[in-house]
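2 protein chains.
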Amino acid sequence: MKTLITGGGGFIGSRLAAALRARDPGERIRLLDVAFPPGLEKAFECIAGDVSSPAVIASALGNDTDTVFHLAAVVSGGAEMDFDLGYRVNLDGTRALLEACRKLERPPRFVFASSVAAFGGVLPDVLDDGTTPAPQTSYGTQKVIGEYLVADFTRKGMIDGRSLRLPTVVVRPGEPNLAASSFASGIIREPLAGVPSDCPVPDTTGVWILSPRRVVAAFIHAVELASSAWPTTRVVNLPGITLTVREMIDAMGRVAGREAVERVTFKPDARIQGIVQTWPVRFRTDRALAMGFRADGDFESIVRDHLEGGRAA
Amino acid sequence: MKTLITGGGGFIGSRLAAALRARDPGERIRLLDVAFPPGLEKAFECIAGDVSSPAVIASALGNDTDTVFHLAAVVSGGAEMDFDLGYRVNLDGTRALLEACRKLERPPRFVFASSVAAFGGVLPDVLDDGTTPAPQTSYGTQKVIGEYLVADFTRKGMIDGRSLRLPTVVVRPGEPNLAASSFASGIIREPLAGVPSDCPVPDTTGVWILSPRRVVAAFIHAVELASSAWPTTRVVNLPGITLTVREMIDAMGRVAGREAVERVTFKPDARIQGIVQTWPVRFRTDRALAMGFRADGDFESIVRDHLEGGRAA
Numbered sequence: 001m002k003t004l005i006t007g008g009g010g011f012i013g014s015r016l017a018a019a020l021r022a023r024d025p026g027e028r029i030r031l032l033d034v035a036f037p038p039g040l041e042k043a044f045e046c047i048a049g050d051v052s053s054p055a056v057i058a059s060a061l062g063n064d065t066d067t068v069f070h071l072a073a074v075v076s077g078g079a080e081m082d083f084d085l086g087y088r089v090n091l092d093g094t095r096a097l098l099e100a101c102r103k104l105e106r107p108p109r110f111v112f113a114s115s116v117a118a119f120g121g122v123l124p125d126v127l128d129d130g131t132t133p134a135p136q137t138s139y140g141t142q143k144v145i146g147e148y149l150v151a152d153f154t155r156k157g158m159i160d161g162r163s164l165r166l167p168t169v170v171v172r173p174g175e176p177n178l179a180a181s182s183f184a185s186g187i188i189r190e191p192l193a194g195v196p197s198d199c200p201v202p203d204t205t206g207v208w209i210l211s212p213r214r215v216v217a218a219f220i221h222a223v224e225l226a227s228s229a230w231p232t233t234r235v236v237n238l239p240g241i242t243l244t245v246r247e248m249i250d251a252m253g254r255v256a257g258r259e260a261v262e263r264v265t266f267k268p269d270a271r272i273q274g275i276v277q278t279w280p281v282r283f284r285t286d287r288a289l290a291m292g293f294r295a296d297g298d299f300e301s302i303v304r305d306h307l308e309g310g311r312a313a
Numbered sequence: 001m002k003t004l005i006t007g008g009g010g011f012i013g014s015r016l017a018a019a020l021r022a023r024d025p026g027e028r029i030r031l032l033d034v035a036f037p038p039g040l041e042k043a044f045e046c047i048a049g050d051v052s053s054p055a056v057i058a059s060a061l062g063n064d065t066d067t068v069f070h071l072a073a074v075v076s077g078g079a080e081m082d083f084d085l086g087y088r089v090n091l092d093g094t095r096a097l098l099e100a101c102r103k104l105e106r107p108p109r110f111v112f113a114s115s116v117a118a119f120g121g122v123l124p125d126v127l128d129d130g131t132t133p134a135p136q137t138s139y140g141t142q143k144v145i146g147e148y149l150v151a152d153f154t155r156k157g158m159i160d161g162r163s164l165r166l167p168t169v170v171v172r173p174g175e176p177n178l179a180a181s182s183f184a185s186g187i188i189r190e191p192l193a194g195v196p197s198d199c200p201v202p203d204t205t206g207v208w209i210l211s212p213r214r215v216v217a218a219f220i221h222a223v224e225l226a227s228s229a230w231p232t233t234r235v236v237n238l239p240g241i242t243l244t245v246r247e248m249i250d251a252m253g254r255v256a257g258r259e260a261v262e263r264v265t266f267k268p269d270a271r272i273q274g275i276v277q278t279w280p281v282r283f284r285t286d287r288a289l290a291m292g293f294r295a296d297g298d299f300e301s302i303v304r305d306h307l308e309g310g311r312a313a
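Protein chains in written order, with the working numbering: chain A, 1 to 313; chain B, 1 to 313.
Some clues are possibly wrong.
[To be verified] Straight-line Cα separation of at most 16 Å, EDC-like style, residue types lysine to aspartate or glutamate; simulated pairs:
hint : chain 1 : residue 1 : chain 2 : residue 2
1    : A       : Lys2      : A       : Asp64
2    : A       : Lys2      : A       : Glu27
3    : B       : Lys2      : B       : Asp84
4    : A       : Lys267    : A       : Asp203
5    : B       : Lys2      : B       : Asp82
6    : B       : Lys267    : B       : Glu224
7    : B       : Lys156    : B       : Asp129
8    : B       : Lys103    : B       : Glu45
9    : B       : Lys156    : A       : Asp82
10   : B       : Lys156    : A       : Asp84
11   : B       : Lys156    : B       : Glu99
12   : A       : Lys103    : B       : Asp84
13   : A       : Lys156    : B       : Asp84
14   : B       : Lys103    : A       : Asp84
15   : B       : Lys2      : B       : Asp198
16   : A       : Lys267    : A       : Glu224
17   : A       : Lys156    : B       : Asp64
18   : B       : Lys2      : B       : Asp64
[As the list claims (entries may be wrong)] Rough simulated footprint, nothing fancy, chain B against chain A, three-plus residues with beta-carbon under 8 Å:
hint : stretch
19   : 38-52
20   : 108-118
What the hints contain is simulated information worked out from the structure, not anything from laboratory work.
For each residue, glycine too, the CB sits at the ideal point set by N, CA and C.
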């Protein structure tokens, strides 16, 4: 019994590993990523390599692998800037991993991190489980294609797949990254750390949000659900909460005071706005709620959890 | 100015080539396929080769190529029986062709033959332009993935893509093939030729139908439409007509007499039924009708057109 987490060196991947270990101290957990933060290799078996390389993937899987969390990806802004890199990692990498899983003696449970970036274009005010994905980025396209591959490999009995469309995860720790959604964490994380933050979108911009704690809980819930709990599409829109940038900043102010709020400056960035404004903001997630997935209660508790280092996640 | 038709050795591809030539005798038309029927090479430049080979594809495109019709595919039953072959030709081949188009000096118009097999699973009684694809075959999965690639390459300005979800094309001439829908032509074609035909599905089975003549017209209409006429998804469900197997056979009887009807025998085939019963039967195709695509008037005229060899197509 062994678990593989691709993207395991990343923020969510490493928190997921810690949560799985806390759930079952005996669980053998292997992480695959291009690099790992210091210390992680003491706690977990870490394989550093190209997550789109079939040879690297093969070395990370064994016939005792019964669970795979596939989180590795070139983020939205990165895949938009480097078309080839995005397709190589996000499409070829996913397919190579599925092909490697297919060769295992027993089909593993396979949880795929998809994204709200699956949706775009002409959207209803409130999206629901019947809304057709129409991504407006290469990243979103690659995620939707991954979902369809997961469904087909599952239908063929090669894996037992489950895809989660993640809302924007806020508050991410660490440095800003190339994700177009990076600002949504930055405008909270930096001010709380006493650092100024530039917000590239207007404060009226809506964001569909899930906390790191809830995302990790969703991955674990996804893998624990019986296969029969999943629709044939094997995909679910995770629940979240909708806030405008202004509401997020105000909630931060209520937790951390006026000084934090004043550290946010609005500096419009047309490239970021162009991507973010194609993302959906409001959802009805009936299916996910019926399956037992849960959203956060309010944004203040997300801010407090971040200040406490998310230790309980 | 040059046109490439992949799958150009096939029934629809070669009829499309002839129709394009009839429209404009000066049009330079190149056909790419694994093989060609006798005579075709006299009329068109034919390139025989693996349609999923990047080298073969590169040899078929030139900087003067301004139009690509991508019809080449492993059919539904074939892709279901040989998983690797289906993905290699239907996914890798489509992607290789798109990559080759991206390298051309000017983005070509790119018409992609998708399929009603995009739909399956839990379906409404009548599908419409908002129904989310949920294929229940690898073929359908590969077609949906192709649509998303066409949309993303178009969004990036690499091609000017247009995807058509084809109904079941009836009456196809020639031999039965591995398409699960092969019977829908067989039960008309064989009796009309004085040959017995086994129908593998019950006579209550509904089929969503478009004639060869209308399919060819749809490809030409698709490429002639302005780019702005297409939605950002670049895909449209083509109009068709819905008939049960019984209604098809009865219509044949009205055209060709009782003897033709008596040549059909029902021999249930669980594998074929399993695929066909996942396909949708009734559509509202408002978008396609507004864009100027047209369905057939009735099935009798499809039968008559087949008897006349479809010469006017």
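To see whether the hints hold, each was checked on the structure:
no.	hint	result
1	A:Lys2 with A:Asp64	6 Å, holds
2	A:Lys2 with A:Glu27	7 Å, holds
3	B:Lys2 with B:Asp84	32 Å, violated
4	A:Lys267 with A:Asp203	11 Å, holds
5	B:Lys2 with B:Asp82	34 Å, violated
6	B:Lys267 with B:Glu224	43 Å, violated
7	B:Lys156 with B:Asp129	24 Å, violated
8	B:Lys103 with B:Glu45	22 Å, violated
9	B:Lys156 with A:Asp82	12 Å, holds
10	B:Lys156 with A:Asp84	12 Å, holds
11	B:Lys156 with B:Glu99	12 Å, holds
12	A:Lys103 with B:Asp84	13 Å, holds
13	A:Lys156 with B:Asp84	12 Å, holds
14	B:Lys103 with A:Asp84	13 Å, holds
15	B:Lys2 with B:Asp198	42 Å, violated
16	A:Lys267 with A:Glu224	43 Å, violated
17	A:Lys156 with B:Asp64	42 Å, violated
18	B:Lys2 with B:Asp64	6 Å, holds
19	38-52	violated (count 0)
20	108-118	violated (count 0)
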